[in-house]
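Participant: Residues per chain, in single letters:
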Amino acid sequence: METRELICIGCPMGCSLKVTLENGQVTEVTGNTCPNGDKYARKECTNPTRIVTSSVRVKGGKINMVSCKTKEDIPKGMIFDICKALENVVVPAPVAIGDVVLANVCDTGVDVVATKNVDVK
Amino acid sequence: MKYDLVIVGGGPAGLAAAIAAKDNGIDSILIIERDRELGGILNQCIHNGFGLHTFKEELTGPEYASRFIAQVEERGIEYKLNTMVMDISNDKVVTAMNSTDGMFTVEAKAVVLAMGCRERSRGALNIPGYRPAGIFSAGTAQRLVNIEGYMPGRRVVILGSGDIGLIMARRMTLEGAKVLAVAELMPYSGGLKRNIVQCLNDFDIPLYLSHTVVDIQGKERVEGITIAEVGPDRKPIPGTEIHYDCDTLLLSCGLLPENELSKTAGVDLSPITSGPVVNDSLETNIPGVFACGNVLHVHDLVDFVSQEATNAGKNAAKYIKEGEVTSAKQIEILPVDGVRYTVPKYVRPEVMDDTLTVRFRVGQVFKGCAIATYFGDTLISKRKRPVMAPGEMEQVVLKKSQLAEYPDIENITIKIEEA
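These protein sequences, in sequence, are chains A and B. Quick note on numbering: the first sequence equals residues 1 to 121 in full-length UniProt numbering. Quick note on numbering: the second sequence equals residues 1 to 419 in full-length UniProt numbering.
Just to be clear, a hint being listed does not mean it is correct.
As the list claims (entries may be wrong) - Restricting the straight-line Cα-Cα distance to at most 25 Å, the calculated cross-link-like pairs of lysine to aspartate or glutamate (DMTMM-like) are: (1) B:LYS56 x A:GLU2; (2) B:LYS367 x A:GLU5; (3) A:LYS39 x B:GLU418; (4) A:LYS76 x B:ASP202; (5) A:LYS43 x B:ASP202; (6) A:LYS18 x B:ASP204.
To be verified - If you want the footprint, here are the derived chain A segments under chain B, 3+ residues with CB under 8 Å: (7) 34-44; (8) 47-58; (9) 89-95; (10) 111-121.
Just so you know, the hints here were simulated from the structure itself, not pulled from any lab data. Yeah, the Cβ is synthetic: ideal placement off N, Cα and C, and Gly gets one too.
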């Protein structure tokens, strides 16, 4: 049996979680205030994931950069690969929230989408 | 120019106040914003975690802002961009300027102050050393990276563990910089716990509590930073110095409400929050001048800014329609024993809404304590809180019906007690 202490990142409350694992399987989560804490703890101990946010260049827009995010969470170990993949991406204006900036980033099956509207200059 | 309501600032507070005022029957509204777009600081906060309370989903800053901007546009609320307010007089004449209209004045029946806050600068921190290039406030670096598309540096030390500093530690790392350390003067972090986890721990960036910058090296550009541990008196302890070769220092050492306009208007400011002193309507000592958001007191969560600003907008609308409330008895809320301040500071039981959320911060870390509320000398409520820290805002909800049972009290006390 193994125990791990985590701080939930589900919301700004930051609950202190205690996770009990047996043979790599989560058997108990305590300290969470809501079901999201339980879900986070189980995922964090078995397959940790994150939403990645960044910004990429815009061509011909009112501003030079548009912010973006992975539409869903991606494996934590791939954060740097995704940032690398976004490095040279340039999107033409106009851009609307939800527009795909980079499809299926690093073969994760997850699209990177714009999080800001940018009008044409 | 005449408007019923002028809102100074088009960030999250100004937008929510405008929407609420419009929805409460005010059609003549002008938002004045100094930046080139609405949304305020949210535009550069491209990380997620906004809106969990308001929209029950996790949004990025620009997405959160866009939902409020869309509501302003739908309602046809007027706004001026690239426009700087120069003065607000105590009879609510707002003087502003921009490059197309020049200088102009607006006579308002009510004004909502929503100017937000500024970062504490190097000058305010008294850090010794030369003044080379490469020293930025965390927010300036955030704007450069996220909106303008520039990298401020490659090897970075961050002073202060406020949320913007933590967020920028991650952001700079993801953009290829090496963040060597975050130093925090206090024995606790100024930021949210979740940000320590996902911005520092995820990337093995060390956080040195009770440490500060004691030297900046380099004449043209930052070449190195020395940090040292501080004692309980917050003075550096000789022999504890750690040196870093780096080209950039980011400062994330707290935010200061930006109240130059409030001061010249004659608004009373709290020495603790540096924001206006307000009553349950979020009205300042000048009738018809309201305040909300980070200009009132620095918030952790934009959701609470939106809630507060909605109240300010609603109350401004009420003032415009019904005029000044003069007769109501006003009770002071006293912050004692660990509670640093409360917003609002005054409650008027006769005219307040059915409930009033009183927000405050504690002065130190408390474990296993409780928030106690007294009406006069009578204990009204006691709520256990396992952990309280200065970096996280606390609240108490006062009920009108409960206050009505105590008509003779002189004050309300909020304090931290043993659980």
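Participant: Holds or violated: are the alpha carbons of LYS43 of chain A and ASP202 of chain B at most 25 Å from each other?
Facilitator: 15 Å, holds
Participant: Does the structure keep LYS18 of chain A and ASP204 of chain B at a Cα separation of 25 Å or less?
Facilitator: At roughly 21 Å apart (the allowed maximum being 25 Å), ASP204 of chain B and LYS18 of chain A satisfy the hint.
Participant: Three residues minimum, CB to CB under 8 Å: does the stretch 34-44 of chain A make the cut for coverage by chain B? Let me know.
Facilitator: The restraint on the stretch 34-44 of chain A is violated, since only 0 of its residues have a Cβ under 8 Å from chain B and three are required.
Participant: Holds or violated: are the alpha carbons of LYS76 of chain A and ASP202 of chain B at most 25 Å from each other?
Facilitator: With a Cα-Cα distance of about 9 Å, the restraint between LYS76 of chain A and ASP202 of chain B holds, given a limit of 25 Å.
Participant: With the threshold set at 25 Å, check whether the alpha-carbon distance from LYS39 of chain A to GLU418 of chain B stays at or below it.
Facilitator: Since the Cα atoms of LYS39 of chain A and GLU418 of chain B sit roughly 33 Å apart, the hinted pair is violated (cutoff 25 Å).
Participant: Compare the distance between the alpha carbons of LYS56 of chain B and GLU2 of chain A with 25 Å, and conclude whether the hinted pair is satisfied.
Facilitator: 34 Å, violated
Participant: Are there three or more residues in the stretch 111-121 of chain A whose C-beta lies closer than 8 Å to some C-beta of chain B?
Facilitator: This one holds; 3 residues, not fewer than the three required, reach chain B with a Cβ under 8 Å.
Participant: Are the Cα atoms of LYS367 of chain B and GLU5 of chain A separated by 25 Å or less?
Facilitator: 18 Å, holds
Participant: Counting residues of the stretch 47-58 of chain A whose CB is closer than 8 Å to a CB in chain B, do you get three or more?
Facilitator: Holds, because 7 residues of the stretch 47-58 of chain A bring their Cβ atoms closer than 8 Å to Cβ atoms of chain B.
Participant: How does the stretch 89-95 of chain A fare against chain B when you require at least three residues with a CB closer than 8 Å, holds or violated?
Facilitator: n = 0 at 8 Å, threshold three: violated.
Figure legend: structure checked against the earlier numbered hints; hints not met, in rising order: 1, 3, 7, 9.
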